[in-house]
Structure formats: C-alpha cells, structure tokens
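Engineer: Each chain, letter by letter, is given below.
Protein chains: 2
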Amino acid sequence: MGDTVDAMKILLVVCDGMADRPAETLKGMTPLEAAEVPNMDKLAREGQTGLMDVIAPGIVPGSDTAHLALLGYDPRAVYTGRGPFEAAGEGVEVRKGDVAFRCNFSTVDKGMNVTDRRAGRISKGTRELAAALNGMKIEDIQVIFREGVDHRAVLVLRGPGLSPKVTEVDPHHEGKVLVSIALAPEAEKTARILNEFTRKSHEILGKHPVNLARAKEGKAPANIALARGSGSPPEVPSFSEHHNGLNGAAIVGISLVRGLCRLSGLEVPDVKGATGSTDTDVKAKAKAAVAALKTHDFVLLHYKATDLYGHDGDAQGKSTFIERIDSALGDIIGSLDNTIVCITADHSTPCSVKDHASDPVPLLIWGKGLRSDRTDCFSELEAASGGLGHIRGHELMGMLTGLAGRNPKFGA
Amino acid sequence: MGDTVDAMKILLVVCDGMADRPAETLKGMTPLEAAEVPNMDKLAREGQTGLMDVIAPGIVPGSDTAHLALLGYDPRAVYTGRGPFEAAGEGVEVRKGDVAFRCNFSTVDKGMNVTDRRAGRISKGTRELAAALNGMKIEDIQVIFREGVDHRAVLVLRGPGLSPKVTEVDPHHEGKVLVSIALAPEAEKTARILNEFTRKSHEILGKHPVNLARAKEGKAPANIALARGSGSPPEVPSFSEHHNGLNGAAIVGISLVRGLCRLSGLEVPDVKGATGSTDTDVKAKAKAAVAALKTHDFVLLHYKATDLYGHDGDAQGKSTFIERIDSALGDIIGSLDNTIVCITADHSTPCSVKDHASDPVPLLIWGKGLRSDRTDCFSELEAASGGLGHIRGHELMGMLTGLAGRNPKFGA
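Protein chains in written order, with the numbering used here: chain A, 7 to 418; chain B, 7 to 418.
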C-alpha cells in the first residue's frame, strides 16, 4: 500500500533521558510530573499513553542502541559499538567493513602516561592536528581521521580483514595508554593497526606546530589520539526499505544520534541554533521538524538536554527544560495536518542515579480519529495504566506506521 | 490430560472486524461502545477483558491470517496465500503439495482485455461451466475446478513439483489478462501450468453452451477463469493435535474461514440461514453453536457482517449488528453448562478507514469460577485497562485451554 492519499505522516519526538524517578527536590514527583506541560497533557488526554521498555525489561539502553530500537532495528543483533555513528555524525562516510572509533586528543608524558585525557580542553587547532593524521596508510589500511567538537575526533579504518572486536587504547582515566588486544582471532590485524596508529599519532602530533605553540603558552599539548568505542556500521536495510518505503528526516543536534540517523538513511538537515545541549534553540528545532514534514513521511525530533540534566542530577533544571519542549510543541501542533504525534524518551536518566537506567519510558501516541484512553496527563505514573499497555521499543515504528495506514495487509 | 471430568468447554465468539475507532456519527464512540450489549457487558463485569494484537503490534491482519493465529498457529511461519482456504471452504479437498487459487469467472474481449471481472455478475450456469474445466490435465498436473457463489470459483492444481510462489493472472481491474510469473525457480512449472490453464479456460468457456445462451440474451459471457491468491495448505498439526486432543467445531458462513477451519480439522456443519453476510440468521448460528458444544470441547462461532459494515463505513449499521449478536448470545448463555465464553474480533475494520487496520481488538473471557477484573462493560476503551492486559492472538487458545483445565502441567 505505502503512501496512499489517506496515509498519515508521523512526528516522533524523543526527549533524551527524559524518563525519571521521584525526586526529593520535586516533592516526590518526577521532572515530567512536576513540569507544567499543557500541550503534552492535552495530547495524552485526547490520545493514548503507555510504557515502553526501549530494548527489553532490565536492559539499560545507550542513546545509540535505544535509537536503533526506536527506528525499528534490533540492537542486540546489529550493534557493535558507537564508533560508526560518531564518525557519520561528523560527516565522515562510513562503509560496510570499516571499523570506526570515537577519539580524544589527549596529553601523554614521555612514559606514555595520560596526564590529561582532554589535552587541556583544546578547542583551537584540532583541524590542523587531524589533517596531519588523516590519509596515512598502515599496512594496507587507509586511515581517515577528522576532528569533532573541542578535544573530540573520529577515526575510521578502511581496508580488508578488519573487525571491531578489539579493546580500547584510551585508559578512561590518568594512567598508561593501553595496548589494544584482539578479542577474536579475526581482529588481530585491527588491534595491530590500531596500536600502530596510536604510536604514530604520538610521533606526528608531538612535533606538530600547533602543539609547539601550545607548549610556549604553557598549555597541555594534544600529543596523542586515543581511540575507543570501536564498531562497524550495522548491516541492516535502510529505514525506508525497513518500513514500506517510508521516507524520513531527523532534527537532531548531537553527533551520535545524527550519525545513526544518517547511516539509517534519514535526511539530517542542519538547524541553526541546534546545539545538542541546554542552550539549544528548542523552538527552531520544532519549526524545522514542521518544515521537514512537508517533504517527508516521518520526522524524528530529538532533544538532548533532558539527558544532560539527568546526568547532572538536576531535577529542577530537567523539569524546566521539559516545559520548554512542551511550549515549542504547543507552537507547532496546530499546524500539523494529518499527522500522528508520538512523544517519548530513549531511556530513563534518573536524577538520583545521574546515569542511564532500565526503568521503562512513558509513551504518548495521538492522531486525529485514533483511539483515546483514560489517561489525563503525560507522566510516568499515568502512562503505567495507559491504553497502549507496555510495549518494546522495536515495536513502536510498526505501531506508528500501522496507525498511519501505511502497512500492507497480511493475508486476505 | 485432555477431557477430564472437570475440564470446561470453550465457546469462542469472533465478530469479524468488530474492533473500531471513535466514529463521528456515533458521538465519538466506537460501534461497540455505542451498542446496547447488556449480555456482553454482564460477561465483562463478571469476567475479564483485555486487548489483543491478533498477529503482532502494527501488523494489519487478513481474516485468514488472523484466524490462523486465533486457532493457535503462527501465520508468519505457515501462511502462503488464501487459495487453499477458499477451496476447502467450497468443499474441495486440498492436500499437502497442492497449490490452490481463488478464481473469478470474467469476461474478456478478443484481445484478452478484461471487460468485466465478474462476467455480468453471473449467477446461473456456473456449475456447468466449472464442470467443463474440472478434471483436465496439463502436463502431469490434475486440474480441480469448482464453482462458488455467483462469479466465484476455486482452482486446485495437484501433482509433482508445484509451488505457490507465482504471480496472479487476474489484473484486479479492467485491462489485459496478466501472464503469471514464477517468483522463485521452483515455481516455474506452476506459472507455466497456470498460464496454460488460463488459455484453455478461455478456449473452452468461449464456446460453451451457457455462454452462447448468454450472448443471445445480451449478457456478458463468462469466457475465462482468472486466478489469484495462490497458496498451499499450511503444514501444521491438526487443531486437535495442537491443543492436547481438544476436538472442535466451527459455525461460520464465509468460505474463507470455513475452509481454514476445515483444513485445521474442525468440524464445520452447515447451518440453515447462515449466509456470512448482513442477512444471516444470527440466532440460528448461536443455537447451532450450543448444539455443537454438546459433542465438541471447543466451538468457534463466527459472525462476518460486522466487518462488512466496517468496509462500508457504516458505523450505525455495525453497532446495530453488534446488538443483534448480543441478543443472540443472551438467548444461549443460560444454557451453557461448564463453558468458558470468549468474545473478540479477528481484527479492526474502522469505519473511518473502511479497511482492516492494525489497532488491537478487545477481548473478553468469562467462565464460572474464573477470576474477575475491574472492567464494567465490553468496549475497546474499557478493555485497554482490563485484567487480561495486552496479549497476542497466538497466545489465546493456550490461555483458554489453560483456564478450562485442559493443559498438562509443565514440570513437577
């Protein structure tokens, strides 16, 4: 069937890490419960809510594995590591068979001890440093290296016989640079290449003019590139192939999710003011989603800051940011024609935990003419008795395309 | 264990396509919500309700795949097409390895263009036309052909090396008769046989006395048989083998579901006045179910008209027909001894969609001495918070036989 005249469009709003637990500073309410969210509440009242285990009960999702599930893929079958998503998020093309890493520019002493994992939070000169590493060849493997924001960078290895099953060289704290070890026989070459890349990065960056200048200024030199998060791109059908020809776009600031969406075949436009942080232009992103819905059947609108407040343990800040999202949604909902709106989170980041947790996330589905339930507002508590019941993340896209009238009939 | 003294019997009432969405013409209620159904409401109050994804969330079921799931089979593993169910519904024996089709008597011009897919809605003479095609042999394949109601007929191919993986010859609208194409190498012979059958049907029917007489009366000749819906019978254990020796019957008017039940090994008695349409004798079918329960452990009672009203977008008609079903159930429930009553739908056919949809269906299970929940009436909205939660269609039979005390203990 696909896109018939009556098929509806789909707006999926993901508030990263929004789901939470009762917070003492909010009189025992969650940030979502404490927030004044008249627009979300209206959609909940007119539509249906439920709870969602984004991967499965008890699984603590990362933002990458969670978004794979939300886009309809099975992360337990296809996920190897965050590297390819970070690389694609920085605009690096990642191909089947590549192994990609997230990297830090770091500072090591002569004994290869890491003295500053973020090289004095370097912000300038990383383009030149990255260019000095990019394009080198180790054995028959091509090295692609690109700078990211501040001390961040990405590394892609390309060539025959690579495998993502290697340990990291980044010690994740002060201490000796690690030697990468193959976790499977087929990864021995990759570990060898990665160790040689690490050695060469130190050799090249140590004498780079950018670092010589930093030394003069008394700043920590960015004299090594430390890799972690090895992974290969998931071998999956594109988002469109996976969902009966549905064409989609994603409005998202952070690199990890941008890259994941790009690798899935979603269009990821740049939005002015979208920072992927607490200072993002919440309303500009919502407007960009409306614009994208004019040319796409499906739009993912992602807000990151809810998760950041969760990691900081700032329940009040999180609650206030949820109110900002609600206000932005209120501005656009009236202009959405024949569109299903779904609001949810990719995982819980309870302020009391300051990290991701396995608690299921609230889910809201609203569309003109669709069923309602007895839910009165949008919250973790209310959604627990919502009409959608308890679902899994990988089921969500099929439910949405089904309700949108985009799924073919199975049988007669 | 099977049939012990205490085991209960099971009446499964399936109202085809009954589940719906809020209808504007019913003040925002669904047809089930708007209907006065005192008997269903009483069973809901005393028993339990819930929601059921008949195949899986987001999947739009056909009536055939849905009934496979309701009878406890996995349609995604065993379904190939509707043909064998249609054929069995017309009383044609379908064997393992056969490939069966639903057919139309149609009218084509000299250029093999379909000018009337239903041959002037022919209603007389089809037995003679079918007899002229039945029994022919093409290569080493036996052709079994039988007329159905009006312009409908069924075709069964029997012999070595057949496969259901062929495209249809029926263009489904006016236009050139299609050439069947093999969708897999093992289906090349079947496509060849089907194309030759189509050619021969035109040759034989074109000069048949029934059509010569129709021509004289100015009626469209039924001068070709066009096949679609190819399938082979599912290779599954019988219903009785599948459910610990449960023996069953089905009271059902429409060919598709009759055939499916027959192929599963259910007894399918003829019921006077059961038409599979809006003019069916609702009460006669309910009485036939009671009679069948005297000699069987399990009876499926199927009403089709709810689906027909859904396809027509007639919410009021659907609601009124649901009231007729409720009244018929009211007549029989008092006479059911030691019997679990389950009422549900095989899929949603929302009047606003006029076609099947993926929305889950309401489910009601009642039996003397079984648990109750907080449900007050039988509706999509109420069932969303019912005590049965959200289940899948293929789980239903096991739940019912379990409650009926018919399942063996697993373990010690």
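There may be inaccurate statements among the hints.
You can't tell identical chains apart in this list, so a pair holds if it fits in one copy or across any two.
Claimed, not checked - Below, a list of computed lysine-lysine pairs in the DSSO-like style, where the Cα atoms sit at most 30 Å apart:
1) 143 x 360
2) 206 x 222
3) 415 x 102
4) 182 x 33
5) 130 x 48
6) 278 x 293
7) 360 x 374
Note that these hints are calculated values from the structure, not bench results.
Engineer: Hint by hint, where does the structure go against what was stated? Just the numbers, ascending.
Structural biologist: Result: hints 1, 4 and 5 break, sorted rising.
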